[in-house]
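Protein chains in written order, with the working numbering: chain Y, 16 to 318; chain X, 104 to 441; chain D, 163 to 482.
It is worth saying that the hints were derived from the structure and are not from the lab.
Don't take every hint at face value.
[Stated by the list, open to error] Taking lysine to aspartate or glutamate pairs in the EDC-like style, the calculated list, with each CA pair at most 20 Å apart, reads: (1) X:Lys403 with Y:Glu253; (2) X:Lys403 with Y:Asp127; (3) X:Lys134 with X:Asp160.
Below, each chain spelled out in residue letters.
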Amino acid sequence: MIGGMLRLLRVLARRRMGAALALVVLVGFALAVLARPVAWPYPPGAQQAALVLQGPSLAHPLGTDGNGRDVLARVIDGARYAFAVPLAALALAILIGAPLGLAAGLGGGWFDAFLSRIFQGISLVPPLLLAMALVAAMGPSLRHVVFAIGLLEAIVFARAMRDEVRALHERGFVEAATAAGNPLHRLVLVHLLPNTLARIAGEIPRQAAWALGVLAAMGFVGIATAADTTEWGSMIREGVEHLYAGQWWVVVFPGFALLVFGTALRVLAESIDEHGPRRAASGAMLAGVPGQSARALSPRGAA
Amino acid sequence: MERPVRALLRRIGVGLFLALVVVFTSFLLVKLGAGPTDVLLGGPSPGVEERAQLVQDYGLDRPAFVQLVRYAIRVLGGEFGRSWLTSESVLDEILHRLPATLELMLYAIFLGTLMAVPTGMAAAFARDTAEDRTVRGTSVLGEAMPPFFLALLLLLVFFRWLDIAPAPSGRISIVLSPPPTITGSYFIDAFLMQDSIAARSALAQLVMPVFTLALMLGASLTLLVRGAMLAQMDAPHFVYARAQGMSREMLTIIALRGALPAIGGGLAAQSAALLSMTALVEYVFAWGGIGQYGLEAMAKADFAAVQGFILASAAIAATVHLLHAVIRRLARIRIRRA
Amino acid sequence: MLLDVQDLRVDRIVTGPQGEPVPEPALAGVNFRIVKGRILGLVGEHAAGKSLAASAILGLLRPSARLVGGRALFEGQDLLRMSESDLTRVRGARIGFVVQSGHATLDPNSRVGAQLVRAQSIHRPIVKAEAAWRAETIMSSMGIPEPRLRAQAWPHELTPGIVQRVVLGLALINEPQLLIADEPTAGLDITTQVQILDLLHLELRRRRIGGIIITRDLGVVAQYCDDIAVMYAGQVVEQGPVMQVFARPAHPFTRSMISDAPERLGIAGRQIVPPRMEPEQGCSYRPRCADATERCLVAPPLVGAGVHAARCHFARIAAA
């Protein structure tokens, strides 16, 4: 499986300029976060009344915000959230969703149907709004954000896993493996899991992009965290009043960071979909589930 | 029991089950909340009487399962509770604001489709050329764009810098009073009342939010249209149509006709996402629809309102899916597909 | 000369080991000629390039294939150099196309009668009533019972036999000079196959137009065609009048095909893995040829006397 992933990365780098560029962008953000304390030593939290709302200049290439803080430093620092929250949510989602999907795909019958209907019902509520409502109810904390997003993403992964497992099942792989005398856990761990996870690999960056969008929306409405953070959505929220007054940089730069980061993730997802192993058509894609898509034909939920 | 009747009953049963799932989700929302339910629903400082009323209405002194049943019965009977902020009935507030949201969504769908179909078709015909790649790239960008950021960007350019667009102050200029309610759309109602000043103001206020939503919807729709057209163009009957000597225009019509089901399905599937985007755009433009209502309720911890908003959103999404299913059924009857 | 195909070359774009697009020769110089009033049978194994040649001539190559060279002179004009708008005037009007598996290829969203009307109206201004009448007429001459009723049917409602008759009708309704039939009886049962082929043959003779029948079945060629062109690995390796070629096949592949083929009209099309094209190595049939020598490392020229020619160093063409 690792070998397959490495091969995939090599193909991506050689053939798809887009994916290569996307990876460069993401790595760039990561490096910026790591290097910032040394390379750009304006503390993101340092408020200096004298420097309030200065436009982009040599000293502050992205300007300063309403509290005199350097925007560039804050934007780079905000990338921490862009990495951490989607990653954590993904981990939770796969941890919950993959076993559920596996069980549904293997077991079939009433459990599968029951689970499907439950997912269908939950998906009637626009996932972005449901996640926001959950966090609003549970209280402003990143842990709750991760929980809410992870829960909703789990549905996506459960469905994707279920479809993949079903497809393999129907093609007789499961029968063949069990007939060869494989005990259930070996079947799952050695055969099914790596295969299906590799096939839905493209879904991972796509869900990460969705998570980023949800986090930003929560930050923008003001329910993500209680404290004043460098999360990009919250930065935009603070900057709106200044935008109308003409100090556009406080809103525009964090917004562009969101756009670029999100686009990079989606381009990556697209490339993996195109060049990775073929996957079964996912039934979830037609239900407007968060950020879900399989081919150019399927709809992409942007929320 | 005949087959069609049984099928219909089955569908109703499924629908009921889905409704219950949604109700359960809404119930769980408040149960997972930080704080006792009566505080969440009644506000940070409910009076003794109000608290007692809440406990009685929602059965808060009873076990959780009973509470769920109580809640389900209330909701399905149309009782969505009361907002502690405004002391109004949540259902009334939502119904009052619903036309505003629907207006935005419908115009956005119309404009978005108008933009997406020609673009998607052109991209499909110019498959794999530079133009095609540009279209695809722009669409991916559009999908990654946070709706509120696009709205703010457009406001920056057209309101702050170019001074063409009006301030984001809602559905009509703040100095004017809204027209009497006939359809619920300020623009249409003002038009019907021949109040040209109000009509013009309402129209001006509509432009920016509709355009924002249409751009975002258009991005994903373009990719959808492109994909559906390509699928048609790769189909055997399409090559055969070319072999018969059909002109480019005719081929386009044939491909489009075949692509319609996929496009329709895609639109229906996008409805949930569209609702989310609309809510965020409403928030930026202070539009006064259910989206702004719901998001503000979340920010202010008014959870009866949040629950109502969630239920209303699910209801809208369900209606769209239902409509889509009905249209598909009708189209099928007309074509009598195998 | 109705259709003169010279040195037609087509490449197929394939994904290479690194994922990059690699062109692979699919047609390596196809030559054949159709004379008005005669029917050519284009035979070859699966994926020898027969349908590809037809698609190339009509300008209908899939995005994954590319025209690399050659000429296709139809009544003096090179189809391969024509503009798309000129080609649309030729297709369906001067060259009719009978496709295989009409079920998959007829427009599923249109009634059959409407398609026949449309096939006419796209090529010339015609009154709906007249087009409808002509549609009905041709349906009945194709042997479709109750044509008026059938015209209201959707393609999926009709049996495969009727569908192929409709397809034939669509090809003939604008009175073309040339008819190209690509495996017109694929997927049909034996009785229907015979009926369709008989009908096709009859129409071609009656109208005195030229025809190409692409098939894998030698029996079809023997029964219905005047000339034969044998394709192997993207080239025509032998061509000539059916009688002559069958009597004295000059190319080893033709010989093996004839000797293997069942005597009567029946099922052919052995599924053999198509040969990889390796243009450097001379004769493409060399790996399978029992009589190959070192001479065959050089690409063989077309050896021929008049209408009968074969691409083999050792071809001995008997004088007609």
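Now the hints, each set against the structure:
no. : hint                   : in the structure
1   : X:Lys403 with Y:Glu253 : holds, 17 Å
2   : X:Lys403 with Y:Asp127 : violated, 39 Å
3   : X:Lys134 with X:Asp160 : holds, 16 Å
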